[in-house]
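A.B. asks: Sequence:
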Amino acid sequence: MSNKQLIELTVNGVDHEVITEPRRTLVDVLRHDLRLTGTHVGCEHGVCGACTVLIDGKPARACLTFAAQVENTEIRTVESLNTDGTLSDMQQAFADHHGLQCGFCTPGFLMLAEGYLAENPDATKEEIREVVASNYCRCTGYQTIVEAIDACAEQRRCAACPKS
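Quick note on numbering: this note's numbering labels position 78 of the sequence shown as 1424, and the sequence is numbered without any gaps.
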């Protein structure tokens, strides 16, 4: 008797069918079945944030989420950010402000920032600093990550302003 099931996932706007065990994590399905390796596996306890993806626009830890739980949702991974090889504004802000060093934690920070700014486009640096504290970075000291997210938020706010 097989304990596998067919699940349907929508990841980065593409529908996928996956046959998997019910208790398999989303991060494992993303990386191993769908070959979306931008979502990193860090602590596997939901603490570090390296596996952060967006589920229906909200940041979530893919290592704590069973793939079967997210059927009928929209899942976005870091691969959704660039278009035709062009960096997104958030990715470019991280590059411009040196918001990454080794890069291991970067996909999780990018997705956390995307989800947070979608809900809070007028976030202050202090609010951004508090939010990014939920993910671990061992290289940057967080200041450059905060500056990158703040700069991207400011750029987005300016782009949305009516032109006189």
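Do not take every clue at face value.
[Stated by the list, open to error] The calculated lysine to aspartate or glutamate pairs, modelled on EDC-like cross-linking and capped at a C-alpha distance of 16 Å, are:
| hint | residue 1 | residue 2 |
| --- | --- | --- |
| 1 | K1350 | D1379 |
| 2 | K1509 | E1493 |
| 3 | K1471 | E1493 |
| 4 | K1471 | E1500 |
| 5 | K1404 | E1420 |
| 6 | K1350 | E1367 |
| 7 | K1404 | E1465 |
| 8 | K1350 | D1361 |
[Said to hold, decoys possible] If you anchor each label on the Cβ, the simulated ranges turn out as follows:
| hint | residue 1 | residue 2 | range |
| --- | --- | --- | --- |
| 9 | E1420 | G1392 | 29 to 35 Å |
| 10 | F1412 | D1468 | 30 to 36 Å |
| 11 | C1504 | N1418 | 21 to 27 Å |
| 12 | T1356 | G1392 | 20 to 26 Å |
| 13 | T1429 | G1392 | 38 to 44 Å |
| 14 | K1350 | Q1447 | 17 to 23 Å |
| 15 | T1356 | T1432 | 22 to 28 Å |
| 16 | A1506 | F1412 | 33 to 39 Å |
I should point out that these hints are in silico values taken from the structure, not numbers from a laboratory.
We treat Cβ as the ideally placed atom computed from N, Cα and C, and that holds for glycine.
A.B. asks: Hint by hint, note whether the structure agrees.
C.D. replies: Verification of the supplied hints:
no. : hint                        : verdict
1   : K1350 <-> D1379             : holds (14 Å)
2   : K1509 <-> E1493             : violated (26 Å)
3   : K1471 <-> E1493             : holds (8 Å)
4   : K1471 <-> E1500             : holds (10 Å)
5   : K1404 <-> E1420             : holds (10 Å)
6   : K1350 <-> E1367             : holds (4 Å)
7   : K1404 <-> E1465             : holds (9 Å)
8   : K1350 <-> D1361             : violated (19 Å)
9   : E1420 <-> G1392: 29 to 35 Å : violated (21 Å)
10  : F1412 <-> D1468: 30 to 36 Å : holds (34 Å)
11  : C1504 <-> N1418: 21 to 27 Å : violated (36 Å)
12  : T1356 <-> G1392: 20 to 26 Å : holds (23 Å)
13  : T1429 <-> G1392: 38 to 44 Å : violated (30 Å)
14  : K1350 <-> Q1447: 17 to 23 Å : violated (40 Å)
15  : T1356 <-> T1432: 22 to 28 Å : holds (23 Å)
16  : A1506 <-> F1412: 33 to 39 Å : holds (37 Å)
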